[in-house]
Amino acid sequence: MSFASFAVVFLRNALGVRQPKFLSTAPHAHCSCRIWPLVALLALRAALSVDMSLGRTERKFLNIDLVLFVLTVAARTLDWTFAKEPLARHLRPANSSPSTIMDALDLASNLRGNGWEWSGYRSYIPRETRPANRMAFVFFAFISAVVHALICGALHRAVLTLAPVGVTIPEGSTIFDETLPFPVQYLRATIITMLTALAIYALLQMGYNLCTIPAILALGQDPAQWPPAFDAP
88 MSFASFAVVF LRNALGVRQP KFLSTAPHAH CSCRIWPLVA LLALRAALSV
138 DMSLGRTERK FLNIDLVLFV LTVAARTLDW TFAKEPLARH LRPANSSPST
188 IMDALDLASN LRGNGWEWSG YRSYIPRETR PANRMAFVFF AFISAVVHAL
238 ICGALHRAVL TLAPVGVTIP EGSTIFDETL PFPVQYLRAT IITMLTALAI
288 YALLQMGYNL CTIPAILALG QDPAQWPPAF DAP
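So for the sequence shown, this note's numbering puts the first residue at 88; every next one is plus one.
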């Protein structure tokens, strides 16, 4: 057995993806109950042992992102473990052949299950308004990424300007300034909250666009596999 064939068999068994003969007509995948405890243990170890900030206090928020990511991995694989029906993929790139590895990677990285049947559950997918042409779609995603990066930066700076001293440190603080009159306190806190929510939206949209571009250009995926992330937020 070659290394490539061994890797395919190992990855298929580790992720619980069925044999290719099932993938050619009605591709199915499910996470084995024997695998999930190992996945959960590895996720817990990553959350407790990996320091994404590299010891820099101002970057400790990256550890929060890591914890959220591993919690998502553990929760999603737990959901797949107890799925009532096998997971079926019905959306693939045009002119592509079934691939166990690509199916496993798509399932693991697909946040909304687009192109998959998750035990009859379907996420809401907003209506597509971007061009269907691949290069025009990529160009639109690039422009959107730049625009949302600028919006996120501007909103972040506005929040830092309005927020009281101490809010920006990792330990956190209150967004209420008790030195101000009561109505002004709540008005200021409300503005900070709204600006933060908009900044989070812009950050998520920017990240989604930056993932879309290499997926289409380098991995050969179709624009249909990258539907809009938000519907007129």
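Everything labelled a hint here was simulated from the structure, so no lab data went into it.
In this text, a Cβ means the ideal position worked out from N, Cα and C, and glycines have one as well.
It cannot be assumed that every hint is accurate.
What the hints assert, rightly or not - Label-pair restraints from in silico Cβ distances:
1. Pro218 <-> Leu247: 21 to 29 angstroms
2. Ser184 <-> Arg221: 39 to 47 angstroms
3. Phe226 <-> Thr266: 44 to 52 angstroms
4. Phe263 <-> His177: 46 to 54 angstroms
5. Thr216 <-> Leu128: 41 to 49 angstroms
6. Leu291 <-> Thr216: 13 to 21 angstroms
Evaluated hints:
1. With their beta carbons about 37 angstroms apart, Pro218 and Leu247 fall outside the hinted range of 21 to 29 angstroms.
2. For Ser184 paired with Arg221, a C-beta distance near 20 angstroms fails the hint of 39 to 47 angstroms.
3. In this structure, Phe226 and Thr266 meet the distance hint of 44 to 52 angstroms, their C-beta atoms being roughly 49 angstroms apart.
4. Hint check: Phe263 to His177, Cβ distance near 50 angstroms, so the stated range 46 to 54 angstroms holds.
5. A hinted range of 41 to 49 angstroms for the beta carbons of Thr216 and Leu128 is consistent with their spacing of about 43 angstroms.
6. For the pair Leu291 and Thr216, the beta carbons lie near 18 angstroms from each other, so the given range of 13 to 21 angstroms is met.
Consistency with the previously given hints fails for numbers 1 and 2, ordered from lowest to highest.
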